[in-house]
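What follows is the residue order along each chain.
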Amino acid sequence: MDIASILFEHYNLIIQKESTTETKIIDKGDKNQGANQTRLFPGTLLEGRYLIQSMVGRGGMAGVYCARDMHFPNTIKLVAVKEMLFQTDDSFVRDTVIQNFEREANILGGLSHHSIPHIADYFTRGDRSYLIMEYIQGKDLEKIIDETPGYLPEEKIIGWAIEICEVLDYLHNFKPKPIIYRDVKPSNIMIDTNNHVFLIDFGIAKVFVLGAKGTMIGTEGFSPPEQYRGEATPSADIYSLGATLHYLMTKVDPREQAPFTFHERKVKNINPAISDAFEQVIEKAVKYKPDERYHTALDMEEDLKKILNIKSGLTNDSNSDEDSKNKTGGGIFAVRPVWVFACEDEIRNSPLYHNDMVYIGSYDRNLYALDANSGKMLWKSPTEAGITTKPAIFEHSIYVGSEDNNLYALSERTGGIEWKYATGDAIRSSPRITNKIIYIGSDDGYLHAVSSSSGHALWKTETSGPIRSTVLIEDDRLYFGGEEGEFYCMELSGDIKWRNKMKRAITSSATIYQEEVIFSSLEGFLYALDKNSGWVIWRFRMQKGSISTPLIVKDYVYVGSADGNLYCVDTYRPVEKWKFKTEGQIAGSPAVYENYIYFGATDGYLYCLDSSNGRLVWKYQTNGPITGTPTLFSHMLYIGSIDHKLYAFKV
Amino acid sequence: MNNENAIIYYDAAFAQSVGRQREHNEDSVYVSTGITCDHNGGEPYGLFIVADGMGGYISGETASSAATHAAATSLIKSMILPYVGESMEENNISLHEALDKSVKDAQKSVSSNAPGGGTTIIAALLLKNQLTLAHIGDSRAYFIGKDGSIVYLTKDHSLIQKMIDIGEITEDEANSHPNRNYLYKAIGQDPSVSADIVTHVFRNDSRLLLCTDGLWSVVNEKKMIKIIAKAGSLQAACDQLVNEANKAGGPDNISVILVESRENSL
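Quick note, the sequences are listed as chains U and F, same order.
The opening residue of the first sequence carries number 359 in the numbering used here; numbering runs sequentially from there.
The opening residue of the second sequence carries number 62 in the numbering used here; numbering runs sequentially from there.
Hints listed in this document are in silico derivations from the structure and should not be mistaken for laboratory results.
Here a beta-carbon is modelled for each residue, glycine too, at the ideal position from N, C-alpha and C.
Treat the hints with caution; some may be incorrect.
[Stated by the list, open to error] Computed from the model, here is a short list of chain F residues facing chain U with C-beta under 10 Å:
#1 M224
#2 I225
#3 S253
[Unchecked claim] Straight line, CA to CA, 20 Å or less: simulated DMTMM-like cross-link-like pairs of lysine to aspartate or glutamate:
#4 F:K291 - F:D208
#5 U:K645 - F:D226
#6 U:K935 - F:D257
#7 F:K216 - U:D913
#8 U:K647 - F:E305
#9 U:K501 - F:D251
#10 U:K609 - F:D251
#11 F:K216 - U:E614
#12 F:K162 - U:D913
#13 F:K216 - U:D1001
#14 F:K283 - F:E305
#15 F:K169 - U:E614
#16 U:K935 - F:D251
#17 U:K855 - F:E104
#18 U:K855 - F:D99
#19 F:K216 - U:E622
#20 U:K859 - F:D208
#21 F:K165 - U:D611
#22 F:K189 - U:E873
#23 U:K935 - F:D226
#24 U:K647 - F:D257
Bound-form chain U, shown alone:
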């Protein structure tokens, strides 16, 4: 019999597979039967003294009850009764259980600390042993996490953490030998009605002998790597405390994650409200290598106290000063545009950069050509309605669609109209060009293929509704979505190869990743379809719909949503790596330059994030919502805003 197998049964530890025929995991049926027999019913008088009131906890072979101590007849003195049943045929199991129980009694009997329950009695009757302890009225942290809507306040958690450090410091410096608790986790930490911490359940605590190898014990997710090797040192408790604090701040249960992966789940990416200082404390506590963690609980306690002391002095970055609005979360530097160009109406779309020129359409009906370095206007070309799409360029001609129903070909040099092609309704889709053919959707429900040289239609294929997404051209196929919720794959001839119907409009354009075509929809999903068959391979749910075109960089897809978040999703499996919350909606797409992600939101801000972790690097506020996508070229970023302005930044 392997001790680990037994411990798994008792303490929900890691699973061990049988390695030989001799090793048998103990039969669970027998134990369950035993566990059922541990129950003491309310009204039972134990030892003629402890009147059982209710069961407050149960696990494995143990039960914990709230009882009244009848030696105090004139007052209600409550005690906790922990009962352990060791009815088993297996003498090894029985001995192990008894040893653990006696160890807990002996350890508790020698301790005196305000965060450790006092032990009143310990006795064995028949096949059961009992510990009588101080009854703590309150809740354990696991329950507090479950019952708290949203996140717990950082100050509250730090307050508890300081008290836990105090009690760990007491245990780790206990004489004659230090005691390692070995099972710090939310369900073992009680918060009483006065908001004070109690460490409960010393069942696996261990008197520490330097260099000794013990048994693998603890709780998966909260136990440090060395504990799996049987080592128990004070830094193991510090790791478990760090893991507990990570769980408290993020509500991401480490038992459901791969072990030792806290560094992959930065607290700030899950709960942006955490202070940098507290995040650093948690990160240090959960370091993989014990010597990189806090050396003592006292060291950790001191850092936690420093945070509480300085927290009241922290400033809020939401004041009205312009520089402080346009800065990082930590306030490192201010960002200002290199130039700003004002149109006469809203800019809802994205600029095109080509040969030191920037081309941008406006709702004032004009397409503007600006010097990319200075913002000086070189020409503007009027259409008969607003322009809400991004222009395209091919062989010295600029192509842009207008809400006046027409696709225009303009001279790159002068802006003069070379030809215009009429569709049956407003154009809100941007043109795409390959092999001298322009592909563009229209609100008339057709995808149009137009000769770039003559402006004549080559073909048009009817779909089920308006097309506002921009066509993706890949391997001689056209991919696009429609406002009726259908996603299409067409041959270059206009024949539909496949289509797949989603529930809501697909305004987002698609992106290709390996064999998958990825787009978002107003249904609130980011979809990945097989590019050959159209089958849905995976979908990732956002909190609200999206018209943002996904951006793929190094196996991650970045996409905005009406829920205000910019999501970073793993393309390998659709799980969120991080998300960044804005105060508005994100309609445009993100753009990447070097290691940074840039995007605008309807809260008026242009954001710059670190692409690896979603941390804010800087933000700049324009005077209106941003619905377009930034264009980046040669250390310059161009973005338009509903405030009528096109901004240029050096990045």
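Starting from the structure of chain U, add chain F where the hints point.
Showing chain F alone in chain U's frame:
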């Protein structure tokens, strides 16, 4: 070999052995392939599952069997029947969600049919040339290229793999590590368990190998490639892989599935 009129279909074989040190077989496998062939061409599919039970022999064999049956039933309903019935476009569930649901169904079945038991699982669904895998535990999937290459498609949910990943120990040290049998994820232990799910293109120059640790823990990759390359058929390759594991001591149950795509000219 590719020609316009060729119909692709999947051929599969499997082999199992209790091994030389166990008295009971706690592994389970499921193998099915099919094709619908009409004027539009061929639409091949396949569903392959291996599961390695644990928790004592009664719980272990029940767990792997329950998981395999539940996952297969789930995927046949959610994907194979719509695929055969040409209603994939109306099928409002993604491949990943279907695989995820099959694992959850397996989890439920193990909880009720084999309480206390646990099992690994790999479910591999092939639709056309698209392979979607769901995986929990330390059973493995590989692409074995006909050019002698090998691509490891799954990552063990074992403590030892985690320690290798973070540089704590080397692959060689892992082979003799005392904790090499610890899994941190298995079906039957945690109701909220989630599988790793990935989609790959299954190319016709590759074979898909699914196996339990009874094979990979004692037969190294080089040897697997060599055996598969030299065998006269898929079945012979499976049999020889199992024999090789038994020759190496057969410390555990062994299960192997091999799949390859074939062409039938019209």
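Task: Structure versus earlier hints, numbers of those that do not hold, lowest first - done: Violated: hints 2, 8, 12, 13, 16, 20, 24.
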